[in-house]
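Asks: First to last, the protein sequences are chains L and C. Residues in the first sequence are numbered consecutively from 1, following this note's numbering. Residues in the second sequence are numbered consecutively from 1, following this note's numbering.
Simulated from the structure, these hints should not be mistaken for lab results. Watch out, some of these pointers could steer you wrong.
It does not matter which identical chain is used: a pair holds within one copy or between any two.
Stated by the list, open to error - Derived lysine-lysine pairs resembling DSS-like cross-links, with alpha carbons at most 30 angstroms apart:
{"id": "1", "residue 1": "Lys-27", "residue 2": "Lys-60"}
{"id": "2", "residue 1": "Lys-27", "residue 2": "Lys-6"}
{"id": "3", "residue 1": "Lys-39", "residue 2": "Lys-60"}
{"id": "4", "residue 1": "Lys-27", "residue 2": "Lys-14"}
{"id": "5", "residue 1": "Lys-14", "residue 2": "Lys-67"}
Protein chains: 2
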Amino acid sequence: MSDSQKAVVYVRLKDGVLDPQGVTIQKALEQMGYDEIEKVRTGRFFELQINGNASNIEKKINEICTKLLANPVIENFTVEKA
Amino acid sequence: MSDSQKAVVYVRLKDGVLDPQGVTIQKALEQMGYDEIEKVRTGRFFELQINGNASNIEKKINEICTKLLANPVIENFTVEKA
Chain L
1 MSDSQKAVVY VRLKDGVLDP QGVTIQKALE QMGYDEIEKV RTGRFFELQI
51 NGNASNIEKK INEICTKLLA NPVIENFTVE KA
Chain C
1 MSDSQKAVVY VRLKDGVLDP QGVTIQKALE QMGYDEIEKV RTGRFFELQI
51 NGNASNIEKK INEICTKLLA NPVIENFTVE KA
């Protein structure tokens with residue numbers, strides 16, 4: 001038995017893909033007086049707790065990202081092992 | 001005139017706050033055969049591009065997080081200057 005591992009998956013829109021949520025936030029901030037914020041891009045992250053005995057975990061996390069967590073057509077993902 | 005600065009704000013649910021989206025993802029992964037993923041917690045992040053001449057920016061980003069980006073009742077945020 002070994003301890004759990006952790007990994008964090010960051011999902012962001014590809015460059016050039018419009019981010020309406022980010023645009024809305026930037027406009028809201030401007031109206032609130034924070035006009036030094038020139039641009040906002042939004043993203044999601046997922047903290048995964050992984051069974052310590054799991055094998056081949058890098059490959060599996062990549063599969064999980066492509067199949068479930070990210071939309072590879074418009075999004076990129078990066079994985080960080082903690 | 002100076003270049004833009006960047007900062008990233010990470011927003012996550014406080015410990016102990018139920019994360020239904022994370023639970024759903026974990027169950028979906030289990031059904032897909034990825035039963036080595038024991039727990040999933042989700043979060044959001046915001047990449048801010050900041051005018052290089054802005055002053056007092058740490059304080060302003062903290063205000064922005066509390067007022068707009070995070071719900072301080074149930075969420076924590078961390079700021080990373082890039």
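Asks: Are there hints from earlier that the structure breaks, and if so, what are their numbers?
Replies: Result: no hint breaks.
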